[in-house]
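Engineer: Given the sequences, and given the hints that come with them, work out the whole structure.
Number of protein chains: 2
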Amino acid sequence: MNFCPKCGSTVTLKTPVDDTRERHICSGCNTIHYENPRNVVGTIPVWQDKVLLCKRAIHPRLGYWTLPAGFLEVGESTEAGAIRETFEEAGAIIEIGPLFSLLNVTHVEQVHLFYLAKLIEPKYQAGVESLEVQLFSEKDIPWNELAFPTVRKTLEWYFQDKRLGRLNEVNQIATHLDDVGYDERIDRKI
Amino acid sequence: MNFCPKCGSTVTLKTPVDDTRERHICSGCNTIHYENPRNVVGTIPVWQDKVLLCKRAIHPRLGYWTLPAGFLEVGESTEAGAIRETFEEAGAIIEIGPLFSLLNVTHVEQVHLFYLAKLIEPKYQAGVESLEVQLFSEKDIPWNELAFPTVRKTLEWYFQDKRLGRLNEVNQIATHLDDVGYDERIDRKI
Chain A
0 MNFCPKCGST VTLKTPVDDT RERHICSGCN TIHYENPRNV VGTIPVWQDK
50 VLLCKRAIHP RLGYWTLPAG FLEVGESTEA GAIRETFEEA GAIIEIGPLF
100 SLLNVTHVEQ VHLFYLAKLI EPKYQAGVES LEVQLFSEKD IPWNELAFPT
150 VRKTLEWYFQ DKRLGRLNEV NQIATHLDDV GYDERIDRKI
Chain B
0 MNFCPKCGST VTLKTPVDDT RERHICSGCN TIHYENPRNV VGTIPVWQDK
50 VLLCKRAIHP RLGYWTLPAG FLEVGESTEA GAIRETFEEA GAIIEIGPLF
100 SLLNVTHVEQ VHLFYLAKLI EPKYQAGVES LEVQLFSEKD IPWNELAFPT
150 VRKTLEWYFQ DKRLGRLNEV NQIATHLDDV GYDERIDRKI
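Residue numbers (numbering that gives the first Met the number 0), protein chains in the order written: chain A, 0 to 189; chain B, 0 to 189.
Since the hints were made in silico from the structure, they are not lab data.
Check each hint, because a few of them may be wrong.
[Unchecked claim] With a straight-line Cα cutoff of 25 Å, these simulated DSS-like cross-link-like pairs (lysine-lysine) come out:
| # | chain 1 | residue 1 | chain 2 | residue 2 |
| --- | --- | --- | --- | --- |
| 1 | A | Lys5 | B | Lys49 |
| 2 | B | Lys49 | B | Lys138 |
| 3 | B | Lys54 | B | Lys138 |
| 4 | B | Lys54 | A | Lys13 |
[Stated by the list, open to error] Only part of the chain A face toward chain B is listed, based on derived beta-carbon distances under 10 Å:
| # | residue |
| --- | --- |
| 5 | Thr9 |
| 6 | Tyr33 |
| 7 | Phe99 |
| 8 | Glu108 |
In this text the structure is predicted, and so the values were computed from the model without any measurement.
Even for Gly, the Cβ is constructed at its ideal location relative to N, Cα and C.
Structural biologist: Below, the structure is given as structure tokens:
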């Protein structure tokens, strides 16, 4: 960051009072511009014993297979984002389940979140960011052509949990998930 | 956003080709500036049958009680951020456990993540963002003076799960968590 997005003045790296890190601080309006990791949200869309994967039509990792996933947008919940990405990239309508994996990818400033999901029907089609979309059983997963380590790990965990009969348990005891609305603010004055 | 943080030119709201949302696009260098929700990471620090809460010394919700939590920083994992915030706000050293709750707070563009945690010893002290830090048993929790709905929900879930004997199960079957390092990139060329 070189310029203040608010006022256009130059920004400099300084550690604010009571802070422990250098931040981009505007020389004009003194706004502190924080930078934070972004969330990538996706699903493990299942039909019978198969998982739906997308062949990427975009960089990075063009031509490699991935679970449907993408950046969480402002104004949507992680579940809503995962459902949207699954529809946009794979043309699939899902019933979303519990949060299955959370992977920190600190070197690219991302947190990846994958939800269990069931296809409502075996209908899907490649969106603009996919070359191809296909259901794979475990033995047919293109393990050497997966796009990202977070996808590989999530698929390995999925099939391991499936073999161990743990997927039903995950449904009952996984991380608690909820959305908090504007109306639930405890104090409306703030 | 009015100005491009990269080149200082004015930005305009437009929907890029192959996108579905308006983005801030630079009129000078054409960079698309995405905006995404931020993660707030925290813990439920437990000692025996008590939970550690912090009385906020800062706005918003100054004077109200919260679980230790704060914005995830670039370059740290969600777990590392939760451990850091617990030390900064409550002066407490913890052993971190599984992810316990994920709450979307879309109207403020935040995702809140709370981890189970055990205090290593019953030592704690208010950091600069806290007025006071105190261990509370369930009956003593200041339910009417909690800072945020995500804290209230997380505490309600915690004590409910505790009553139901589910906390040990959470440890075994919760969401899979991992970090992915730079060295694990599948293809170094990209």
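Engineer: Next, verify each hint and record whether it holds.
Structural biologist: Hint by hint, here is what the structure shows:
Of the pairs offered as hints, the one joining A/Lys5 and B/Lys49 is violated, with about 45 Å between alpha carbons and a cut-off of 25 Å exceeded. Between B/Lys49 and B/Lys138, the direct Cα distance comes to roughly 10 Å. Compliance with the 25 Å bound is thereby established for this hinted pair. For the hint pairing B/Lys54 with B/Lys138, the CA-to-CA distance comes to about 18 Å; that is within 25 Å, so the pair holds. Distance check on the hinted pair: B/Lys54 and A/Lys13 sit about 28 Å apart at the alpha-carbon level, beyond 25 Å; violated.
For A/Thr9, the shortest C-beta to C-beta distance to chain B is roughly 8 Å, which falls under 10 Å, so the interface hint holds. Annotation: A/Tyr33 was flagged as interfacial toward chain B, and the flag holds, the nearest CB pair being 7 Å apart, inside 10 Å. A least Cβ separation of about 6 Å between A/Phe99 and chain B falls short of the 10 Å threshold, and the interface hint therefore holds. This hint holds: A/Glu108 has a C-beta 5 Å from the nearest C-beta of chain B, less than the 10 Å allowed.
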